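From first to last, the protein sequence lines are chains F and B.
Taking our numbering, the leading residue of the first sequence gets 1, the next gets one more, and so forth.
Taking our numbering, the leading residue of the second sequence gets 1, the next gets one more, and so forth.
Read the hints as simulated data drawn from the structure, not as lab findings.
Note that the structure is predicted; figures quoted are calculated from it, not measured.
The C-beta atom is built at its ideal place from N, Cα and C for all residues, glycine as well.
Accuracy of the hints is not assured; some may be wrong.
Said to hold, decoys possible - Label-pair distances were calculated between CB atoms; the ranges are:
no.: 1; chain 1: F; residue 1: L240; chain 2: B; residue 2: W135; range: 54 to 60 Å
no.: 2; chain 1: B; residue 1: R248; chain 2: F; residue 2: P193; range: 55 to 61 Å
no.: 3; chain 1: F; residue 1: R131; chain 2: B; residue 2: G215; range: 39 to 45 Å
To be verified - Far from chain F, some chain B residues (derived; all Cβ distances over 12 Å):
no.: 4; residue: W8
no.: 5; residue: T84
no.: 6; residue: L118
no.: 7; residue: I146
no.: 8; residue: L214
no.: 9; residue: W219
no.: 10; residue: A231
no.: 11; residue: V234
no.: 12; residue: F238
no.: 13; residue: A247
no.: 14; residue: A251
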Amino acid sequence: MKRWLSIFFVGGVIAYRGLFNWIRPAMYIPTMLGSPLFQLIFFTKLGQYAHAESRDFYIVGNSVQVCAMSSVYGMTMAVANERWYGTLGPLLASPANRAAVFLGRGVPVLANGLFVSAFTFVIGALLLGFRPGLGSIPSLAVIVVVTTVSCTCFGMLLGSIGLRAKDFFFVANLAYFLMLLFCGVNIPLNVLPGWMGAIGRCLPLTHGIAAAREVAAGAPLSQVSGLVWTEVGVAAAYALAAYVLFRVLERESRRSAVLDTY
Amino acid sequence: MSAARVVWSGFVMNLKMVGTSSFFLLTSVVQPVIFATVAFYMFKSGGRSGTLLYAALGAGMMGVWSTTLFGCGGIIQWQRWQGTLELGVGAPPSMALVYFPFTLANAFTGMYALAATLVWGRVFFGVPLHLVHPWLFVLALPATVISLGLMGLLLASSFILYRYANAMSNLLEYPVWVASGLIFSTSLLPGWSRPISWCLPPYWGILAIRHAALGGEVWGPLGMVVALGIASLVLSVFTFGIFETRARARATLSLT
Numbered sequence: 001m002k003r004w005l006s007i008f009f010v011g012g013v014i015a016y017r018g019l020f021n022w023i024r025p026a027m028y029i030p031t032m033l034g035s036p037l038f039q040l041i042f043f044t045k046l047g048q049y050a051h052a053e054s055r056d057f058y059i060v061g062n063s064v065q066v067c068a069m070s071s072v073y074g075m076t077m078a079v080a081n082e083r084w085y086g087t088l089g090p091l092l093a094s095p096a097n098r099a100a101v102f103l104g105r106g107v108p109v110l111a112n113g114l115f116v117s118a119f120t121f122v123i124g125a126l127l128l129g130f131r132p133g134l135g136s137i138p139s140l141a142v143i144v145v146v147t148t149v150s151c152t153c154f155g156m157l158l159g160s161i162g163l164r165a166k167d168f169f170f171v172a173n174l175a176y177f178l179m180l181l182f183c184g185v186n187i188p189l190n191v192l193p194g195w196m197g198a199i200g201r202c203l204p205l206t207h208g209i210a211a212a213r214e215v216a217a218g219a220p221l222s223q224v225s226g227l228v229w230t231e232v233g234v235a236a237a238y239a240l241a242a243y244v245l246f247r248v249l250e251r252e253s254r255r256s257a258v259l260d261t262y
Numbered sequence: 001m002s003a004a005r006v007v008w009s010g011f012v013m014n015l016k017m018v019g020t021s022s023f024f025l026l027t028s029v030v031q032p033v034i035f036a037t038v039a040f041y042m043f044k045s046g047g048r049s050g051t052l053l054y055a056a057l058g059a060g061m062m063g064v065w066s067t068t069l070f071g072c073g074g075i076i077q078w079q080r081w082q083g084t085l086e087l088g089v090g091a092p093p094s095m096a097l098v099y100f101p102f103t104l105a106n107a108f109t110g111m112y113a114l115a116a117t118l119v120w121g122r123v124f125f126g127v128p129l130h131l132v133h134p135w136l137f138v139l140a141l142p143a144t145v146i147s148l149g150l151m152g153l154l155l156a157s158s159f160i161l162y163r164y165a166n167a168m169s170n171l172l173e174y175p176v177w178v179a180s181g182l183i184f185s186t187s188l189l190p191g192w193s194r195p196i197s198w199c200l201p202p203y204w205g206i207l208a209i210r211h212a213a214l215g216g217e218v219w220g221p222l223g224m225v226v227a228l229g230i231a232s233l234v235l236s237v238f239t240f241g242i243f244e245t246r247a248r249a250r251a252t253l254s255l256t
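Here chain F stands alone, though its shape is the one from the complex (with noise of 0.2 Å):
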């Protein structure tokens, strides 16, 4: 068990430094922290020009959606930079147990996911008048935790791809921009035709970020428990599929043997 807990903590951190290609403050700062604080600023004043919805409505919707930076892009570089730099062989050929190998690489995404949608929300508040009531923000930070969470384990089955695919980043991109249009980060589901509210129903970050606009607006976190625990069920079966995926397409790569091949 000792040994399962530090491959899960310490080579997932490891991993994370040694793959995460924004990592250096000269990268991280513009691509994980500007970045998502000028798309805070453009869909909100998108949706003023537009008379959509409330400016809260686009800030905590943004400021949810940003985990996904982190998680997605995360989550596959941990993954698929292993073949990247060539070191998925000898990974893959340590009997290290393959669930803390995977799953532990989680954890640093999860934790800068948490910061970077935690600074878009104090961002919010400074810059556009975000002004949650302070008994809202304990409720708010679970349903962050929970979304993040969620998204990672989605950034899991992208990051599993990444082992055959040959152009993962391509897939990661897509996956974001997606995430923006499906999961009523800006736009209601009910605004949505039904098949694409649907696809959006399936995917993290929607009921997550529901469920913050209510809490947001006031609401306490036992009315919005359901959407939470969808949420939750969303992050389980997503990590399940991620390594249902990671463990075929080992085998199929070492079967066929296209380990490190593009």
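Chain F is already provided as a structure; the job is to place chain B on it using the hints.
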């Protein structure tokens, strides 16, 4: 004549390269279509359906800027990774001339974005494609694209010394969309940001394109686009010279 040949060869070469890149497919077609769809639904839900052409043009120009920005941010970096930067710098033509056709090709690829959002808007959202001044639109579009290419050249020159040029590309995408008022009016922004907008070719470019499409004065913004493009070209010739010399002196040209 040989300068024209350098520009043409570089333009065609880079057009072929970006044409086979899935990343450019994403920034010049997929991403603008997604952003256009988001904007269409936001405008629709706000009861501003009459402004869908406005949204389509704006989303298309966002794509032009993204393609220019990532292309120009990437030029130096990709050449470093491929080990061809020294060859480009060592070639007899000036560095600005060597890299100008690359930025031009990137901006040209960005025009796919405008085509994609207009076709997408027409087919799926019934956006009317009636242009008030079609000939001025045809004039404003290439002028804007070339001007953005020249602005990209200026950016590319500054990235010679900067090891994390792609980080700056990640950062500068949204701010220019915002400050240029590509999809909403800059009157929503604080007054202090107005001079920043005035210095940006995309600000005048979208005004010229929008006025040509929806009605309004075109020549003034068009003149500003051309003027800022020329200014970017002149500045980039100087900055390429300065930064190139500095990178050679510090031996940091190929530093990754």
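**Study point:** B:T84 and chain F, when compared Cβ to Cβ, separated by more than 12 Å
**Key:** 20 Å, holds
Point to revise | C-beta pair F:R131, B:G215: status relative to the range 39 to 45 Å that was hinted | key: 41 Å, holds
Exercise for review: Could you say whether the range 54 to 60 Å given as a hint is met by the Cβ separation of F:L240 and B:W135?
Suggested key: Because 59 Å falls inside the window, the suggested range holds.
Exercise for review: Classify the label on B:A247 as holds or violated, using whether its beta-carbon is more than 12 Å from each beta-carbon of chain F.
Suggested key: B:A247 is indeed farther than 12 Å from all Cβ atoms of chain F, at 17 Å.
Check your understanding: Would the least Cβ to Cβ distance between B:A231 and chain F come out above 12 Å?
Key -> 25 Å, holds
Exercise for review: Evaluate the condition: distance from the CB of B:A251 to the nearest CB of chain F exceeds 12 Å.
Suggested key: 20 Å, holds
Practice item. Take a quick look at B:L214 and tell me if its Cβ sits farther than 12 Å from every Cβ on chain F, holds or violated. Key: Per Cβ check, B:L214 is outside 12 Å of chain F; nearest 15 Å; holds.
Point to revise | Exclusion check [B:W219 not at the chain F interface, CB over 12 Å] | key: B:W219 is indeed farther than 12 Å from all Cβ atoms of chain F, at 26 Å.
Point to revise | Non-interface claim for B:V234, where every Cβ of chain F lies beyond 12 Å | key: Fine: 27 Å to the nearest Cβ keeps B:V234 off the interface.
Practice item. With respect to the beta-carbon atoms only, verify the hint that B:R248 and F:P193 lie 55 to 61 Å apart. Key: 57 Å, holds
Check your understanding: Does B:F238 sit more than 12 Å from chain F, CB to CB?
Key -> Non-interface label on B:F238 holds, nearest chain F Cβ at 25 Å vs cutoff 12 Å.
Point to revise | Check on B:L118 being off the interface with chain F, judged by Cβ distance over 12 Å | key: 19 Å, holds
The structure is consistent with each of the numbered hints, conforming to all of them.
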